[in-house]
Amino acid sequence: MNNADLFTLRDVSFAYGPTPVLQDVNLSLVPGKFYGLIGPNGCGKTTFLDLLTGCKKQLTGTIDYKAKELSHYSKKSLAQQLALVPQEFDTGFGFTVEEIVLMGRHPHIDRFSAPSKQDWFFVDQAMKCIGITGLRDRYTNSLSGGQKQRAVVARALAQNAPVLLFDEATSSLDVKYTLQIFNIARKLVQMEKRTVIAVIHNLNLAAAYCDYSIFMKEGRIAQHGPTADTMTAETIAEVFDVQAKVVFDPFNQTRQVSFQYFE
Amino acid sequence: MHRHSEKKFLLLTGALLICTVLAIIISTAMGYMVISPVDILRVIGAALTGDASLLDSIEATVPYVVMDVRLPRILTAALVGAGLALSGVIYQGILLNPLADPYTLGISSGAAFGASLALLANVSMLGHFSTPVFAFVGAILTLLLVMRLSTFNGQISAQTLILSGVIVGAILSAGISFLKYLADEQVAIIIFWLMGSFASSTWNGVLLVGASLLFAMLVTLYYGRDLNIMSLGRRSSDTLGVETAKVRKILLLTASLVTAICVAVTGIIGFIGLIVPHLMRYLVGPDNRKLLPVSALAGAILLLLADTMTRAVLPVEVPIGVLTALIGGPFFCIIFRQKQKGKSYE
Numbered sequence: 001m002n003n004a005d006l007f008t009l010r011d012v013s014f015a016y017g018p019t020p021v022l023q024d025v026n027l028s029l030v031p032g033k034f035y036g037l038i039g040p041n042g043c044g045k046t047t048f049l050d051l052l053t054g055c056k057k058q059l060t061g062t063i064d065y066k067a068k069e070l071s072h073y074s075k076k077s078l079a080q081q082l083a084l085v086p087q088e089f090d091t092g093f094g095f096t097v098e099e100i101v102l103m104g105r106h107p108h109i110d111r112f113s114a115p116s117k118q119d120w121f122f123v124d125q126a127m128k129c130i131g132i133t134g135l136r137d138r139y140t141n142s143l144s145g146g147q148k149q150r151a152v153v154a155r156a157l158a159q160n161a162p163v164l165l166f167d168e169a170t171s172s173l174d175v176k177y178t179l180q181i182f183n184i185a186r187k188l189v190q191m192e193k194r195t196v197i198a199v200i201h202n203l204n205l206a207a208a209y210c211d212y213s214i215f216m217k218e219g220r221i222a223q224h225g226p227t228a229d230t231m232t233a234e235t236i237a238e239v240f241d242v243q244a245k246v247v248f249d250p251f252n253q254t255r256q257v258s259f260q261y262f263e
Numbered sequence: 001m002h003r004h005s006e007k008k009f010l011l012l013t014g015a016l017l018i019c020t021v022l023a024i025i026i027s028t029a030m031g032y033m034v035i036s037p038v039d040i041l042r043v044i045g046a047a048l049t050g051d052a053s054l055l056d057s058i059e060a061t062v063p064y065v066v067m068d069v070r071l072p073r074i075l076t077a078a079l080v081g082a083g084l085a086l087s088g089v090i091y092q093g094i095l096l097n098p099l100a101d102p103y104t105l106g107i108s109s110g111a112a113f114g115a116s117l118a119l120l121a122n123v124s125m126l127g128h129f130s131t132p133v134f135a136f137v138g139a140i141l142t143l144l145l146v147m148r149l150s151t152f153n154g155q156i157s158a159q160t161l162i163l164s165g166v167i168v169g170a171i172l173s174a175g176i177s178f179l180k181y182l183a184d185e186q187v188a189i190i191i192f193w194l195m196g197s198f199a200s201s202t203w204n205g206v207l208l209v210g211a212s213l214l215f216a217m218l219v220t221l222y223y224g225r226d227l228n229i230m231s232l233g234r235r236s237s238d239t240l241g242v243e244t245a246k247v248r249k250i251l252l253l254t255a256s257l258v259t260a261i262c263v264a265v266t267g268i269i270g271f272i273g274l275i276v277p278h279l280m281r282y283l284v285g286p287d288n289r290k291l292l293p294v295s296a297l298a299g300a301i302l303l304l305l306a307d308t309m310t311r312a313v314l315p316v317e318v319p320i321g322v323l324t325a326l327i328g329g330p331f332f333c334i335i336f337r338q339k340q341k342g343k344s345y346e
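Protein chains in written order, with this note's numbering: chain A, 1 to 263; chain B, 1 to 346.
To be clear, the hints were calculated from the coordinates, so they are not data collected in a lab.
Positions of the beta carbon are idealized from the N, C-alpha and C atoms, including for glycine.
It cannot be assumed that every hint is accurate.
[Stated by the list, open to error] Here are a few chain B residues that sit away from chain A, every Cβ distance over 12 Å (derived from the structure):
{"#": "1", "residue": "Thr20"}
{"#": "2", "residue": "Leu41"}
{"#": "3", "residue": "Ser130"}
{"#": "4", "residue": "Lys180"}
[Claimed, not checked] Label-pair ranges, simulated between beta-carbon atoms:
{"#": "5", "chain 1": "B", "residue 1": "Ala15", "chain 2": "A", "residue 2": "Lys187", "range": "46 to 56 Å"}
{"#": "6", "chain 1": "B", "residue 1": "Leu182", "chain 2": "A", "residue 2": "Asp24", "range": "39 to 49 Å"}
{"#": "7", "chain 1": "A", "residue 1": "Phe121", "chain 2": "B", "residue 2": "Leu207", "range": "41 to 51 Å"}
Next comes chain A alone, as it looks inside the complex (with noise of 0.2 Å):
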């Protein structure tokens, strides 16, 4: 709990109605780092991302973003700081591919000025970055799952915030694509000392890519501390209740994990 955090969490609980969603979350999270949010369904992954970003509020519990209350942010300047790439992706109207990665820019954009030679930029560059450019002018309605997926990704580059929030991103892609978004992700936080916070359900590739781990049951932080250390049989089987093995992978020089369902 210092001044460097990025996000410090206290007391943070919430709850739909009278079902409990998330209890006593107490955390810091740093900036420069990869963090995996790591649990069951239904184990608040995705609220507890709402929180950070401020589309919910806590019931009781502060949150700070840069130890400043979350809730004194206005959307705009929050929207410059946090980029979501959501899990679902629909929108009603076709707009082209090109017009979703512009509404990135949309917190960097005052009212009533058209798109700079910079905001154009930044779209061009992220399209190219995801390898999309060529579907700049289709409609977001004739795309497939995995081509919509990753235009949302592309908008969230456009946004270029320091912080980025994936809620499974790559449900929809295939291994090549997901690699890809994952390797852009490690860049970005490697490279540029960007903060990476991903809702991953692959263990194995929390396992790769993560620095560290925050593993959630039941609306609770079960385990959480650097991949190394916490990505281990004992935790996986606690929080999953799955049989698992760790084994180191000379292909990949990571860990990998194997399960096997309790009968």
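Got chain A sorted already, so can you dock chain B onto it with the hints?
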């Protein structure tokens, strides 16, 4: 928002603007008494500049017919068409449902119920504005009820929205029937007003609709880009810096205000708010900053044409609400079919 379509948009806006002006002049010329467009321009010029010499050589009844009979009606029709189309764009944009419009959401019925109540009780405490105020309150209450009915777990479900609108609309229709029953001898006033008509339009009505339309246009253009981004859903728009909850409230209130005033001035006119945004989205794309002005212009032209048809072309004057429903109903069916087939151009 798109780099290359600015020119097309400006061309279309210009063309629609010219068409609107032409439609106003031509429909003023049409009717039982045919008046030449030149004379119309001179009468309008005289009224605007106060220069009586422009009226030389024009028959004495012409200025009266143009200024007091036809223009109030024609301008009301154009402004109401623009207002209904504008609220259609807003409702569709916010509720992410291409079938949403003031009519299908039950808002028009709510406004009509409020206005019928005012007509029946002969409310005059607010003077000229009694009917519009009651219509507005009815519209807002209906909007809140429909949204409450279709909200599950804090999310508005697009699937149940229209259904809720239909349910609430049906209850309100029954309520209006009950008011008609109570109205006894006054029932004719309510019935004719409900069917929608521009026959009794006044300059006061023109000013009222015009002012609310101007206000709504400024508000919606102010929030145009936010409205675009809100089509991505709440989580995305919140994290892209849009005050989603606030903007949604402001825009829904604005659209309901315009709908309520349109209904209060002319009765229920359906489908304009549905058809026009669809056609225009097809032409200019989904960017609301373009869609709003072109839809308003196209709505003005469409309703003015329909009203001129019933006033000057058809042998008997069909109530305008009936005419738009007869034209718009089948169109609604087509959109519905396309949407079900997943082939909608949206």
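Evaluated hints:
1. Residue placement check: Thr20(B) keeps its beta carbon more than 12 Å from all beta carbons of chain A (closest about 25 Å).
2. In this structure Leu41(B) is separated from chain A by more than 12 Å, as the shortest Cβ-Cβ distance comes to about 36 Å.
3. With 12 Å as the threshold on Cβ separation, the claim that Ser130(B) sits away from chain A holds: the shortest Cβ distance comes to roughly 37 Å.
4. At the 12 Å boundary, the C-beta of Lys180(B) stays outside the reach of chain A, the nearest C-beta of that chain being 38 Å off.
5. For Ala15(B) and Lys187(A), the hinted distance range of 46 to 56 Å is satisfied, since their beta carbons lie about 49 Å from each other.
6. For the pair Leu182(B) and Asp24(A), the beta carbons lie near 60 Å from each other, so the given range of 39 to 49 Å is not met.
7. For the hinted restraint 41 to 51 Å between Phe121(A) and Leu207(B), the CB-CB distance of approximately 48 Å keeps it satisfied.
In this structure, only the earlier hint numbered 6 is contradicted, and the remaining ones agree with it.
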